[in-house]
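**Q** Sequence order for the protein chains is A and B. To convert, note that position 190 of the first sequence is 190 in full-length UniProt numbering; the numbers rise steadily by one, no gaps. To convert, note that position 326 of the second sequence is 326 in full-length UniProt numbering; the numbers rise steadily by one, no gaps.
Keep in mind the hints are simulated off the structure, nothing from the lab. Among the hints, erroneous ones may be present.
[Said to hold, decoys possible] Computed list of lysine-lysine pairs in DSBU-like fashion (alpha-carbon distance at most 35 Å, straight line):
id	chain 1	residue 1	chain 2	residue 2
1	A	K192	A	K35
2	B	K253	A	K106
3	A	K253	B	K312
4	A	K262	B	K294
5	B	K253	A	K294
6	A	K294	B	K221
7	A	K294	B	K106
8	B	K318	A	K106
9	B	K198	A	K253
10	A	K312	B	K294
11	B	K294	B	K198
12	B	K294	A	K155
13	B	K262	A	K294
[As the list claims (entries may be wrong)] Covered, in the sense of this in silico footprint (three residues per stretch, anywhere, with C-beta under 8 Å from a C-beta of chain A), are these stretches of chain B:
id	region
14	14-23
15	30-42
16	78-91
17	117-131
18	207-216
19	233-239
20	273-281
Backbone N, C-alpha and C define an ideal beta-carbon position, used for all residues, glycine too.
Protein chains: 2
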Amino acid sequence: MTATETLTLAEIEQLSYDALIAAGTSPENAAPLAKATAMTEADGVASHGLAYIPIYAEHVQCGKVDGHAKPILTLPKSSVVQVDAATGFAHSAIEVGFEQLIPAAKEQGVAVLAIKNSYNCGVLGVHTQRLAQAGLMGIGFTNAPASIAPTGGAKPVVGTNPFSISAPGPRGQAEVLIDQSASTIAKSEVMKHTREGKPVPEGWVLDAEGNPTTDPTAGLKGSMVPSGGYKGVGIALMVEMMAAAMSGATLGKDASPFSGTKGGPPKTGQFFIAIDPVATSGGAFEAQLATLTKAVRAQNGVRVPGDGRGTKRTQAAKEGVAVNVATLQKIRALL
Amino acid sequence: MTATETLTLAEIEQLSYDALIAAGTSPENAAPLAKATAMTEADGVASHGLAYIPIYAEHVQCGKVDGHAKPILTLPKSSVVQVDAATGFAHSAIEVGFEQLIPAAKEQGVAVLAIKNSYNCGVLGVHTQRLAQAGLMGIGFTNAPASIAPTGGAKPVVGTNPFSISAPGPRGQAEVLIDQSASTIAKSEVMKHTREGKPVPEGWVLDAEGNPTTDPTAGLKGSMVPSGGYKGVGIALMVEMMAAAMSGATLGKDASPFSGTKGGPPKTGQFFIAIDPVATSGGAFEAQLATLTKAVRAQNGVRVPGDGRGTKRTQAAKEGVAVNVATLQKIRALL
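Work the whole structure out from these sequences, hints included.
**A** Following this line, the structure appears as C-alpha cells:
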C-alpha cells in the first residue's frame with residue numbers, strides 16, 4: 001500500500017504556491033496554478049495534481065516555461081478575448097482571460113478566449129468547470145505535441161488533444177463535466193508502462209509503421225490509437241484547429257515535448273467558448289438539463305460524466321485529500 | 001447495376017423544389033430545403049439527398065412537419081440568435097437564423113444560433129459548410145430521438161447526435177469538414193439491414209438488455225453502440241446539451257421518431273457557433289490551417305476530413321450527379 005498523508009485543499013494550494021515561488025515563479029503566475037492544483041486534487045485526478053509540481057518547478061528552471069511571464073491581453077472584437085501567454089504558464093493566461101471572458105459572455109450571450117504561446121494547461125475540465133460555476137456553458141480545447149496519425153497514415157500529426165464541456169447546475173456547480181482526450185488511453189499511461197517495463201494492452205498504441213504493438217516504447221516512437229478510429233482523428237483535428245489554428249499557437253506537429261527538459265517552450269494553445277444558456281434557451285436550460293441528467297441517473301448505477309469528480313470534490317472539501325508521501329517529499333524538498 | 005440518370009445541380013434543386021411545393025410546402029420553406037438537397041447530392045451523400053424528398057413530402061402530408069410554418073426569430077443578446085422553427089423544416093429555421101448569425105459573428109467575433117421545435121436537418125455538414133464559405137469557423141450540433149444508452153445502462157437516453165465543424169479555406173470553401181455521429185455506424189445502415197433481412201456486424205448494435213447482437217431488429221429495439229465506448233456517449237451528451245438543452249428543444253428521449261408517419265413533430269433542435277478566425281488568431285489562422293492540412297495530405301493517400309466530399313462537389317458542379325432512376329420516379333410521381 002502507498003503511504004499517504006491527508007492535506008486540506010487550502011494546505012495543498014499553499015504548498016503548491018510555496019514550491020512554485022521557490023522554483024522561481026512570480027506570485028501572479030504561482031497563484032492560479034496553485035489553485036488549479038488544489039482543484040485537481042479535489043477532483044481526484046492525482047496524476048495531474050501535486051505530482052506535477054516538481055515537473056512545473058523543473059520546467060521553470062530549464063526554461064520550458066517562463067515563471068515570470070506576463071500574459072498580454074487584447075480585445076480585438078467585443079466577444080473575443082485574445083491572450084499571448086508569452087511562454088508562461090497556461091493557468092495565468094487563462095486567469096487573465098477568464099476575467100474578461102466571463103463578463104463578455106454574460107453581456108453578449110457568448111464570448112471566446114484564444115490563448116497562444118502557452119504550455120500544458122493540466123486538467124482541461126478544471127478550467128471549463130470554472131465557467132460552469134459562473135453560470136455559463138463552458139467548452140474548452142487544448143492541443144499537445146503530435147502523437148496521433150491521421151487515418152491511413154503512420155506519422156503523428158495531431159496530439160491526444162482533449163476537449164471538455166461543463167454545464168452549469170442550479171447551485172453554482174458543474175452539473176455535467178465531460179473531459180476526454182482523442183486517444184483510447186492517456187499517453188501518460190503508456191509512459192508509466194515503459195517506466196515499469198510492462199507491455200500495454202493491444203489497441204493502445206501503434207509502432208512507427210502504424211502496426212499494432214504491445215511494446216510501449218515502440219508505441220511512444222510510433223503513435224497513439226485514436227478512440228473510435230477515424231472519429232477520434234476527427235476529434236483531434238477539431239481540437240487542433242480550435243486550440244492552435246484559431247489562436248495562432250504552435251501546431252502539435254511542431255511543438256516541443258511537454259515532458260522532459262529539452263526543446264524550449266512548446267508554445268501550444270487553448271481555446272474556450274463561454275455561452276449564456278439562459279439567453280440561448282429562453283430560460284428552458286436548467287429544467288431541460290435536469291430532465292436529461294435524471295434520465296441517465298435513473299438507470300441502476302449509471303453516472304453522468306463528472307459525477308465521479310463531483311463526489312470526490314464534495315468529500316475533499318470536508319475531509320481533505322490523501323496525498324502520496326513520496327510526492328510530498330519531492331515537493332517539500334523544493335522549499 | 002443500378003440504373004441512373006444524370007442531373008445538373010440546378011435540375012436537382014428545381015426538382016426538389018417542385019416536389020416539395022406539390023406536397024404542400026410554402027415557397028419560403030421549399031427553397032432552402034431544395035438548395036440543401038442539391039448541396040447534399042453534390043457532396044455525394046446520396047442517402048440524405050433526393051432520396052429524402054419523398055419522405056419530406058410524406059411528413060408534410062402526415063403533419064410530422066408543418067410545410068407552411070413561419071420560423072420566429074428573436075435576438076435576446078447581441079451575439080445570440082434564437083429561432084423557433086414552429087414545427088417546420090429545420091432548413092428554413094437555419095436559413096432565417098444564418099442571415100443574422102453570419103453578420104453578428106463578423107461584427108462581434110463570435111455568435112451562436114439556437115433552434116428549437118425543429119426537425120431532422122439532413123446532413124449537418126451542409127450547414128456548417130455554409131459558415132465556412134462565409135469565412136467563419138462553423139460548429140454545428142443536432143439532436144435526434146434517443147438510441148444510445150449511457151455507459152453502464154441499457155436504455156437509450158441520447159440520439160446518435162452528430163456534430164460538425166467546417167473550417168474556412170482561402171477560396172471561400174470549406175478547407176476541412178468534419179461531420180460525424182456519436183455511434184459507430186449510422187442508424188440508417190441498421191434500418192437498411194433490417195429491410196434486406198441481413199445480420200449486422202458485431203459492434204454496431206446492442207439488444208434491449210444491452211448485450212451485443214447481430215440482429216438488426218433486436219438492435220433497433222435496443223440501442224446503437226457508441227463510437228469509442230464511453231467517449232462516444234460523451235459526444236452524444238455534449239450534442240444533446242448543445243442542440244436541445246441550450247436551445248430549449250425537445251430532448252431525444254422525449255422526441256417522436258424522425259422516420260415513419262406517427263407521433264407528430266419531433267420538435268428537436270440545432271445549435272450553431274460561428275467564429276471569426278481572423279479576430280481570434282490575429283490573422284495567423286489561414287497559414288496555420290494550411291500547414292496542418294498539408295502535413296496530413298503529405299502522407300501517401302491520406303485525406304483531410306471533407307476532401308472526399310470536396311472532390312465530389314467539384315465534379316458534380318462540372319458533370320452533374322448520377323441519380324438512382326427509382327428515386328427519380330418516386331419524386332416525379334409527386335409532381
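**Q** Given the proposed pairing of K294 of chain B with K155 of chain A, does the C-alpha separation stay at or below 35 Å?
**A** holds (13 Å)
**Q** Hint check: K253 of chain A vs K312 of chain B, CA-CA at most 35 Å. Holds or violated?
**A** Status holds; Cα separation ~29 Å.
**Q** Are K198 of chain B and K253 of chain A close enough, with their CA atoms no more than 35 Å apart?
**A** violated (44 Å)
**Q** For the region 30-42 of chain B, count the residues whose Cβ lies under 8 Å from any Cβ of chain A; is that count three or more?
**A** violated (count 0)
**Q** Given the hinted pair K294 of chain B and K198 of chain B, is their alpha-carbon gap at most 35 Å?
**A** violated (41 Å)
**Q** Per the coverage rule (Cβ-Cβ under 8 Å, at least three residues), is the region 207-216 of chain B covered by chain A?
**A** Violated: only 0 residues of the region 207-216 of chain B have a Cβ under 8 Å from chain A.
**Q** Three residues minimum, CB to CB under 8 Å: does the region 233-239 of chain B make the cut for coverage by chain A? Let me know.
**A** holds (count 5)
**Q** Taking a Cβ-Cβ distance under 8 Å as contact, does the region 14-23 of chain B have three or more residues in contact with chain A?
**A** With 0 residues in contact (Cβ-Cβ under 8 Å with chain A), the coverage given for the region 14-23 of chain B is violated.
**Q** Does K106 of chain A lie within 35 Å of K318 of chain B when you go C-alpha to C-alpha?
**A** violated (47 Å)
**Q** Hey, K253 of chain B versus K294 of chain A, does the alpha-carbon distance stay inside 35 Å?
**A** holds (12 Å)
**Q** For the region 117-131 of chain B, count the residues whose Cβ lies under 8 Å from any Cβ of chain A; is that count three or more?
**A** violated (count 0)
**Q** Below or equal to 35 Å on CA atoms is what counts here, so check K312 of chain A against K294 of chain B.
**A** Cα-Cα ~44 Å, so violated.
Checked against the numbered hints above, the structure violates hints 7, 8, 9, 10, 11, 14, 15, 17 and 18; every other hint is satisfied.
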